[in-house]
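Chains as they are written, first to last, in the numbering used here: chain A, 1 to 176; chain B, 177 to 623.
Treat the hints as calculated values from the structure; they're not laboratory data.
Think of the CB as a built atom: it goes at the ideal place given N, C-alpha and C, for glycine as much as any other residue.
Mixed in with the good hints there might be a few duds.
Here are a few chain B residues that face chain A, going by a calculated C-beta distance under 8 Å [claimed, not checked]:
| # | residue |
| --- | --- |
| 1 | 361 |
| 2 | 364 |
| 3 | 398 |
| 4 | 414 |
| 5 | 438 |
| 6 | 478 |
| 7 | 520 |
| 8 | 568 |
| 9 | 571 |
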Amino acid sequence: MKIAMRFLALVLLAALVAACAREVTPEPDRPEPTPPPDRERPVETDRIDPRDFTDVRNLDNPDSLLNQRVIYFEFDRSNVRSEFRPIIEAHAEYLQANSSARVILEGHTDERGSREYNLGLGERRGNSVQELLGAHGVSSGQIEVVSYGEERPVCRASDEDCWERNRRTEIVYTAR
Amino acid sequence: MYLPEKSILTSVTKVRVFAILALLLLWPALASAQLRIEIVDGVEGAMPIAVAPFAWDSQTPAPDVRVDEIISANLRRSGLFDPMDAEQMIDQPTRPPEVRFGTWRMLRVDHLVIGRVSDGPDGWGHEIEYHLLDVHTGRILLSQAVGVSPGDLRFGAHRVSDAVYEALIGTPGAFATRIAYVVVQNLGEEDEYFELVVADADGHNPQPVVRNTQPILSPSWSPDGSRLAYVSFATGRSNIIIQDIYTGQNHVISEARGINGAPAWSPDGEQLAVSLSRGGSPDIWLIDAEGQRQPRQLTHHWSINTEPAFSPDGRSIYFTSDRAGRPQVYRMDADGENIKRITHEGRYNSRPSLADDDRYLAVVHSDGDNDFRIAIHDRETERLRVLSDGRLDESPSFAPNGSMILYAARHEGRGVLAAVSADGRIRQRLVVSEGDVREPAWSPIIR
């Protein structure tokens, strides 16, 4: 239910972002009278640099790494694969720049093996991400690790495709 | 000969009054949740036995519950008996002098159970009088009476089944016991919810004792069968809760930072071994059931240490650890000393469950990464034997008499419960009409 709600929120946000983008994009094409050059960049504030990982708006910007919040793992492993490091580094930069922001790192596993062992494995996956965030200077007070083990899958089939999607750490912002 | 079992009468009465109360409160939830037990594999040459219809010798109208049918069903379910259908019986004696042994010998029955249900001695409830006879020798092997409170004939029939089983097999029966399990309703839907359910061992009388939208797992019975410890995510984080199944009273006994999981009662019911990650990684801790004493850390290792299980004498704790790289079962003294690896066969062995002695351990076992099965490890021979044939079998739980192992399996894409005899010859599937079932725990013998 929680996941479904989150998904709904994401869809709504995406729709909002899309709506905003439509309003903004025509502007450069319009040959409007140029604003006085000494005025302080009135339009520029609406433009988001997706690589500015300190900008809260990038959390909802599909073009930004900050919008990616799921780190995937191999079976029975908890080491972060190199391809996911840039995502974690982006969030580290954001959390450092926004000291009131808080995240829960939700560790998850696939359905194989025993449930309590998987709670441990899920926590390890959360911890791996936490350690990387810490190594990039994020204060431990901003992070909490919660393991759900195999209890909250995003995919229900018993096959490798699903298992891959379920072996994950989700970075969930509880305060931005 | 009458042997009124007074102590049973009082304890049964107390238990049942609460159970009936809980039943009434939870009535609407019950209709859809009934468990059905299917026997997948039985034993060749199961013992032929006949349970003749019991006489109803009471002022009250006969209920739908047929004591003899329940006994027959129990014995059949054990896989060790082949009870005769009532229609095939030529006569239906209810007292020993009425038995014509020649008739039963002709029907190729080894043993005969007869009896009658009458009103209780003081007008309260009923009394089940029963006799177990050896058809070949004509001897009476058992003659007893069991007192039951009103509406409690099923439980009485389970007690008779236990006595018959013990007289013929030599080990106590486990019919008058209960099982706890978790059911997920509306799995994967927006209105998904989790229920912790307690039912009789034959699947009847399912009673949801906890309901939550957040995950519930790892139910564990107190040694007296009155309380369940379990893991709840109701707060969004894992907590360990103890719940009285009769009064519904509950309290959180562990809510430390990190994982609070895998509760297992000590045999004296005073402490629980649990897995807590408050120290940074999951370790086995001992906590007080009443919250009187400070938690005590038993393992100190960076690996995952979880799924503790006490030996019946309370001196050892078995647990899962991946300190050697992959999950395997270890044993230690109850104070955390002398840790020793127990399982060596296969890449994955976890979640130990002990029989009535600690010779046999049921575990979740895997050779590769894809098939997880229930196996039994014999500590005497140090051999491991795979008992189940599923792909995602888990959560083994021994019957209190060591005869069967209840576990969670998948059948047609759905979580179901299954049971296999400790020798692997008898297989059953327990099917709930709705929901995804998992995390079974077999109760101790309820006295």
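Would you pick out the hints that fail for this structure and give their numbers low to high? 1, 3, 6, 7
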